[in-house]
Each structure stands twice: as structure tokens, then as C-alpha cells.
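Enquirer: Taking the hints as your guide, dock the two standalone chains into a single complex.
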Amino acid sequence: MKVLAVDDDRVTLVTIERLLTKFGYESITALNGTDGLKLFLEHKPQILITDWMMPEMEGPTMVKTIRAFAESEYTYIIMLTSRNEKEDMISGMLAGVDEFLSKPIDPDQLRARLRVGKRIMQLQESLGKRVSELERERKHIKILQGFLPICSYCKKIRDDENLWSQIEEYIAQHQANIQFSHSICPDCFETKVKPMQEAFFAKKRDELEARASA
Amino acid sequence: MGDPAFTAELIDIMLEDGQLRMAKIRAAFDQQQMSDVGAIAHSLKGAALNIGARDLAELCASIDDSVRKVGQAIEAQRISQLEEEFRNVAHELHEIRGALTA
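As given, the protein sequences belong to chains A and B, one line each in that order. In this text, residue positions in the first sequence follow this note's numbering: the first is 1, and each later residue adds one. In this text, residue positions in the second sequence follow this note's numbering: the first is 1001, and each later residue adds one.
Chain B with its partners taken away, still in its complex shape (with noise of 0.2 Å):
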């Protein structure tokens, strides 16, 4: 929106609740409580998608709908996946958070 100082906002309050969203489904994932997983996913797909993180968004979006729809088990390899990309994403927002308040 054109304003450096609310975009710092929102990245950072994205980062806060990405990590924390993040842990909570490994969390769940280790508890194997899929509808959790499923649930935490379909939420940080709404934030991810806010953001411009197209690729977080479109695998929260299948680990989603393999849950919801499909009632399937998540591989701990589609887990890794998503944390890989959040840790992608998280890496650019620290850059473009720092170079707004440079």
C-alpha cells in the first residue's frame, strides 16, 4: 500500500506468526494429527497469499486439500518441503525489512 512502514509491520508480524505456524504443524505432524496439520496449513495459506508468497501459499494449499478433501496422511517429506520454503520466504522478508529501514 505504498507505505514502508506498514509493509515492515506486516512482514514482521508474518514472520512471528509464520515460525510460530510453522512449529505448530511439525508439532502436530510428529502427534500425527492430520486435521491440525491440515487446519494450521489452510491458515498460513491466507497470510503466505497476503504477502505475495505465491509457492508457500500453493503447498500450504495442497497439504490443505489433501486433508480436508482427500482425508490422506502428509509425507514428512511434503513437511520439509514447507519449512525449506518458508525458510526461503522468511530469508527474503528479512531482506526486504532491512533494506526499508536502511
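Bound conformation, chain A alone (with noise of 0.2 Å):
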């Protein structure tokens, strides 16, 4: 796992760089909120270890920079800090920042948020795969749910229940918005009803001439 640690001391960097091989991760390192941001922006690190106070660019204002571009890949955020104030917290919070860590570095302390990070970070990528799988799926279903069977001859409807029904009762039903006005198109008026009219009008014709002659 990537960690990019950030910070203007060289005591802190190079002892948070050793601890981070130790710990075994992979360490990047800058001297300044700058450099930091692009290293974040070229390696993408899983968590970021920063200094609050830095020349060129402070930590929350890096860390709202990274918040900002970050779309849908999450980084973890351990601020460290010297300032252990209520207020400075709350705005390290409100920056972006997801755990405080006190200087000088403990080991101890650092391995322990490293592990929380390492958690989160697994957890967000087993969620970002779910998600990814959900997708999927949905794709899947709405691709399915655009063939309708119906049958080559009747034209009923089959639906989920496996129940025919008439193709009109079939669309009331999963249309909510569309009503049928009933009306005959020319072709079937010429080969259904035209044929029927002139049946009857024949039958009319006949009964009208056998009463006439009887």
C-alpha cells in the first residue's frame, strides 16, 4: 500500500519513511504542500501522512485541494500535529482530514492509525467493488427487461408470471400513463371490415328482395 507522507521537517520525514518501511509500505515523500500535492496527483497513495503548518502550501489547504479532486477514489488522511486545540481539529476535520496524529511520532501510535487507514482503504475498495458489480447487474436486467415475448400469431403478451394477456391489457397494466382509443387502421378496413359490411349489406339485399317477391 502506497503512503505519501508530506512534511517540512526532515527529522519527521525521514523517521516516518523509516517507520513506513518497517511497517511495510511503500513510502513517497515531500518536503512541502507543493511537491506534495503532486506526488498525490502522480501516485495516487491509499493514505497521506501531512504537517499542518508548511511552507508554499499548508496542510488543510492541501488537503482540501486533494478532497476537491478526488472523485470517486478515497484517500486516508492522517494530519499531523503539534497543535492539539479543539478548533484546530475541528478545521482539520472539516478540511478533510480523517485522524490526528501528535508529535513527536510514536511508532506505536503510527503503526495503529496506519492499520485503521489500511482498513478503511480495503473496506472502500471491497465497496467500490460492489458497487462496480451492482452496476452490472442493473445493465443486465434493464438489457433483459427490454424483450417482451409475445406471440407470432395472436400477439398476446407474456409477463413475468408467465400469464398471456392481450397486448392492450398487457401495456395498461405496465403503463400507467397510456390509454387505448380503439380504432381501425385502412388495411384491416379493407380485409376485415369491408368484408363483414358487404356480407351484411348482401344479407340485407336478400331478405329485402325475398320479401318484395313474396
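Please keep in mind that the hints were generated in silico from the structure rather than gathered at the bench. In this text, all values refer to a predicted model and were calculated from it rather than measured experimentally. Treat the hints loosely; a few may be bogus.
Derived lysine-lysine pairs resembling DSS-like cross-links, with alpha carbons at most 25 Å apart [said to hold, decoys possible]:
1) B:K1069 x A:K86
2) A:K142 x A:K155
3) B:K1069 x A:K64
DEER-style ranges, computed between Cβ atoms [claimed, not checked]:
4) B:E1083 x A:K129: 55 to 63 Å
5) A:E26 x B:A1027: 32 to 40 Å
6) A:G24 x B:I1096: 27 to 35 Å
The C-beta atom is built at its ideal place from N, Cα and C for all residues, glycine as well.
Expert: This is the structure in C-alpha cells:
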């Protein structure tokens, strides 16, 4: 797991770098916020450890910028501080800090916080994978929903419960905003209605003629 | 961390950076740039804490607090006191460094 450490104090930075290697993390370091931001964008570390007060760009400003950049990928951010005042901690958290670590660096505390960060990042990763899986499944369902089984002869539709219904009935059930106004198309008029009309009038004519000759 | 070579490396960095910071504090003080004095003192405090130089860290913290919280100008005497304490720390660090490489 990649960890970026940013601090303008080289003693702190060298100590953190050493501890990160000892704890099995891949470390990247920067001596100010501007370089830290560049390295962050280049390496996309999963965990960031940063000092509060630094020249060029202070820790909270760098954190805010990183949070503004971040889209789907989360970074667990630990802020090093020798400022333990409540207001400072609140403003750090509002900037996007997840955890604080007091100076001087205590190796056990650093290891514990890194473990929390690692756990959060692993959860985040598995959550991301699950969301991707669900999105894929949703797309698949949408494709399946696009198929509508219809009888080739009578044009009845089969629903999810395996029941067949007339197309008007099916659409009325599944598309609440649609209502049918029945009519007859010219083709059906020619093939269906006209022969019926002709048969009807022929029958009437025959009846009249029979009545007249009686 | 129980590694003499690493301890020696930290001492070298602390001495080099510490001297640089002390020079910057003096320059900022001479120009009456109090916010710079406070920021450099804050930075030196972190380094001092890391090597266990508590007295030096406390002096740095008091200067940082005076500037940041109270907006107070720092008297020349406090800068001299800080320089004196840094010299003491540097002397001790040189002795430890010497013992490590002996």
C-alpha cells in the first residue's frame, strides 16, 4: 500500500519514511505542500500523512485541494500536529482530515493509525467493487427488461408471471400513463371490415328481395 | 529506533536544518517579520520534539504561541534565549554523534 508523507521537517520525514518501510508500506515523501500535491496526483497513494504548518502550502489547504480533486477514489488522511486545540482539530476535520497524530511521532501510534487507514481503504475498495458489480447487474437486468415475449400469431404478451394477455391489457398494466382509444387502420378496414360490411349488405339485400317477391 | 547509523543520520539532519532555521529566525526577527519568526519557531518545535529536546521545543512553542495567538511582538531576549538553548542542544547532539561513530 502506497503512503505519501509530507512534512517540512526532514527529521520527521526521515523518521516516518523509516517507520513506513519497517511496517511494510511503500513510501513517497515531499518537503512541502506544493510538491506533496504534485506527488499525490502522480502516485495516487491510498494513505496521506501530512504536517499542518508548512511553507508554500499548508496541510489543511493541501487536504482541501485533494478532497476537491478526488472523485471515486478515497484517500485516508492523517494529519501530524503539535497543535492539540479543539478548534484546530475541527478545522482540520472540516478540511477533510480523517485522523490526527501528535508530534513527536510515536511508532506504535503511527502503526495503529496506518492499520485503521489500511482497513478503511480495503473496505472502500471492496465497496467500490460491489457497486461496480451491482451496476453491471442493473445494466444486464435493463437489457433483459427490453425483451418482451409476444405470440407470433395472436400477438398476446407474456408477463413476468408467465401469464398471457392481450397487448392492450399488458400495456395498460405496465404503462400507467397510456390509455387506448380503439380505431381501425386502412389495411384492416380493407381486409376485415369491408368484407363484413359487404356480407351484411348482401344479406339485407337478399332479405328485402325475398320480402318483395313474397 | 535502536539503529546507530539511523540515529546519526537524524542528528546530522537536525543539526543542519536546525542551524538553518536559527539563522532564518534571527533574520526574520531583525526585519521584525513576527509571523515568520512564529512559523519557523513552530517548525523547529516539531524537529526538537522528535529528538527529545523538550526545553528547546518549549521555547519554540512559547514564541509560536505569542505570535499566533496573542499577536505579540517577540523581545530580543527571547530570541537570544532560543539561540542559547539551540547551542546547548547542538553541543549535546555533537557529543552523542561522536559517541555513535567512536
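Enquirer: All the hints need checking, so say for each whether the structure fits it.
Expert: Hint check results:
no.	hint	result
1	B:K1069 x A:K86	holds, 14 Å
2	A:K142 x A:K155	holds, 23 Å
3	B:K1069 x A:K64	holds, 24 Å
4	B:E1083 x A:K129: 55 to 63 Å	holds, 57 Å
5	A:E26 x B:A1027: 32 to 40 Å	holds, 38 Å
6	A:G24 x B:I1096: 27 to 35 Å	holds, 30 Å
In this structure, every one of the numbered hints holds.
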